[in-house]
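Novice: Let's have the full structure, built from the sequences with the hints guiding it.
Protein chains in written order, with the numbering used here: chain A, 1 to 137; chain B, 1 to 137; chain C, 1 to 137; chain D, 1 to 137.
These are calculated hints, taken from the structure and not from any lab test.
Please note: incorrect hints may appear among the correct ones.
All copies of an identical chain are treated as equivalent in the list; a pair is satisfied when it fits inside any one copy or across any two copies.
Straight line, CA to CA, 27 Å or less: simulated DSS-like cross-link-like pairs of lysine-lysine [unchecked claim]:
#1 Lys84 - Lys133
#2 Lys103 - Lys133
#3 Lys84 - Lys103
#4 Lys103 - Lys46
#5 Lys133 - Lys46
All values derive from a computational prediction rather than experimental measurement.
Protein chains: 4
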Amino acid sequence: MHTQEMIAAHPHVQGNVNEALLRCIDLCHDCAQACTACADACLGEKGVSELIQCIRLNLDCADLCNASAGIGSRRTGSNQEVMKRVLEACAEACRVCAEECGKHATRHNHCRICADACRACEDACTRAIGTIKVAMH
Amino acid sequence: MHTQEMIAAHPHVQGNVNEALLRCIDLCHDCAQACTACADACLGEKGVSELIQCIRLNLDCADLCNASAGIGSRRTGSNQEVMKRVLEACAEACRVCAEECGKHATRHNHCRICADACRACEDACTRAIGTIKVAMH
Amino acid sequence: MHTQEMIAAHPHVQGNVNEALLRCIDLCHDCAQACTACADACLGEKGVSELIQCIRLNLDCADLCNASAGIGSRRTGSNQEVMKRVLEACAEACRVCAEECGKHATRHNHCRICADACRACEDACTRAIGTIKVAMH
Amino acid sequence: MHTQEMIAAHPHVQGNVNEALLRCIDLCHDCAQACTACADACLGEKGVSELIQCIRLNLDCADLCNASAGIGSRRTGSNQEVMKRVLEACAEACRVCAEECGKHATRHNHCRICADACRACEDACTRAIGTIKVAMH
Numbered sequence: 001m002h003t004q005e006m007i008a009a010h011p012h013v014q015g016n017v018n019e020a021l022l023r024c025i026d027l028c029h030d031c032a033q034a035c036t037a038c039a040d041a042c043l044g045e046k047g048v049s050e051l052i053q054c055i056r057l058n059l060d061c062a063d064l065c066n067a068s069a070g071i072g073s074r075r076t077g078s079n080q081e082v083m084k085r086v087l088e089a090c091a092e093a094c095r096v097c098a099e100e101c102g103k104h105a106t107r108h109n110h111c112r113i114c115a116d117a118c119r120a121c122e123d124a125c126t127r128a129i130g131t132i133k134v135a136m137h
Numbered sequence: 001m002h003t004q005e006m007i008a009a010h011p012h013v014q015g016n017v018n019e020a021l022l023r024c025i026d027l028c029h030d031c032a033q034a035c036t037a038c039a040d041a042c043l044g045e046k047g048v049s050e051l052i053q054c055i056r057l058n059l060d061c062a063d064l065c066n067a068s069a070g071i072g073s074r075r076t077g078s079n080q081e082v083m084k085r086v087l088e089a090c091a092e093a094c095r096v097c098a099e100e101c102g103k104h105a106t107r108h109n110h111c112r113i114c115a116d117a118c119r120a121c122e123d124a125c126t127r128a129i130g131t132i133k134v135a136m137h
Numbered sequence: 001m002h003t004q005e006m007i008a009a010h011p012h013v014q015g016n017v018n019e020a021l022l023r024c025i026d027l028c029h030d031c032a033q034a035c036t037a038c039a040d041a042c043l044g045e046k047g048v049s050e051l052i053q054c055i056r057l058n059l060d061c062a063d064l065c066n067a068s069a070g071i072g073s074r075r076t077g078s079n080q081e082v083m084k085r086v087l088e089a090c091a092e093a094c095r096v097c098a099e100e101c102g103k104h105a106t107r108h109n110h111c112r113i114c115a116d117a118c119r120a121c122e123d124a125c126t127r128a129i130g131t132i133k134v135a136m137h
Numbered sequence: 001m002h003t004q005e006m007i008a009a010h011p012h013v014q015g016n017v018n019e020a021l022l023r024c025i026d027l028c029h030d031c032a033q034a035c036t037a038c039a040d041a042c043l044g045e046k047g048v049s050e051l052i053q054c055i056r057l058n059l060d061c062a063d064l065c066n067a068s069a070g071i072g073s074r075r076t077g078s079n080q081e082v083m084k085r086v087l088e089a090c091a092e093a094c095r096v097c098a099e100e101c102g103k104h105a106t107r108h109n110h111c112r113i114c115a116d117a118c119r120a121c122e123d124a125c126t127r128a129i130g131t132i133k134v135a136m137h
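Specialist: What follows is the structure, encoded as structure tokens:
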């Protein structure tokens, strides 16, 4: 990923990057891919009927990770409250998806790996949220 | 939009649709389109340099509306807390985007129309949130 | 949808809208919703194992409809060749999804409705493609 | 990115991964991020009015990279013709975006880095397309 270089090159950032937010963007991309692939791998399993809640949570999590990666990548102007809320929603989506994937981790490697990606992304979102200063309004 | 028909045909819904959530899905699609088009129209204006915060908020709002429309369209299994949080983030994105677009509404028709779409979507999100029951955890 | 109003208000369009492309944007939003909801409804069916190809095609089609709606909504500058190609990919995604959904239409209403939405979107994409002039390169 | 591990864990893949398509997924994520960030960095430049075509192409390219990453990540069932076409559209979006970003590369580091990300993604899409066997129809 060129995330670090790209954000550092922003005219308003000028090298003064928010490392926690950078890491969050990268892990949102990773988690979006993992959840998309896990939903599809679950769909390909013989026991798909036991994995439908897992697929549902995977798809929701991928949607939020994609939105968070986009919003987290913008530095022109300001939209702190929205960035905070989308990352909070994303952290929760990751948390519940990791929990569900964890239930199938011993039987399905894709669920085990996806649970790891979700937990890492949840953690990165939580750390990034801690760096966002929201103005009073 | 076939939203009403599609959700009513879901095996777990069986015609017992949540009207507020249906309306929210449709208005999220409408608002995503309006915000994408408003960002692009602002970019085409001679006075683009005065519209950069507007473009930023438009793009963030479109990302959240698209995620909300996807997540709001799922009825298999359950993901209530995540649905609630993404709609809250979406309502806030719509609120701040409508506020900013409103500042340019007398000069730019696209900002005026987009502000209307954002306010309608914010309202639909808020009403939909009111119908979501979140289990204790 | 505010699509007509939004595009007509673009500074470079000035009311001279491409009706076929407008219709295509709206039907892409409709088809994205239908495909997202059909994938989820299929997932909720007892006979989900017979619907896995349908879910796969639904998810791919939704991804392309969302991308097409975004790209089709931009009028600043020019990107005709890309717009043509994404609509061609989208038309093909709709065609194969309609064909697969059609196989399950008598048993599942969501597949019947989704097939209709896909066919309408395929047709709208094809008509829109016919209006795009691509410069030599 | 967990892409390699995730795809290898798919029940139909069983370790027999398509390396070119794996690489394409990762570079689509990288390019989506770079294009989103470049559009936003251009928007923050004083000379934004000279960068509006660049922003337009960046946003279109990000939309196609996101769609391609999603579609490229699925292995259940089959949708080869659609996968081929979306990667072709994506390669073209990357090509024209790299060309435009290249014009601003000496003045803006974000355009230089983004052009690199686009060229790498175009190359990865082209190589992946070469591995897709499309059935007659």
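Novice: Within, between, both or neither: how does the pair Lys84, Lys103 come out at a Cα-Cα threshold of 27 Å?
Specialist: between (29 Å within a copy, 24 Å between copies)
Novice: Measure nothing new, just compare the shortest in-copy and cross-copy C-alpha distances for Lys133 and Lys46 to 27 Å and report within, between, both or neither.
Specialist: So Lys133 and Lys46 pass the 27 Å test across copies only (26 Å; inside, 48 Å).
Novice: 27 Å Cα cut-off: does Lys84 pair with Lys133 within a copy, between copies, both or neither?
Specialist: both (9 Å within a copy, 23 Å between copies)
Novice: Under a CA distance limit of 27 Å, which applies to Lys103 and Lys46: within one copy, between copies, both, or neither?
Specialist: both (17 Å within a copy, 21 Å between copies)
Novice: Please sort Lys103 with Lys133 into within, between, both or neither, judging by C-alpha distance up to 27 Å.
Specialist: between (36 Å within a copy, 24 Å between copies)
Hint check: no violations occur; every hint is consistent with the structure.
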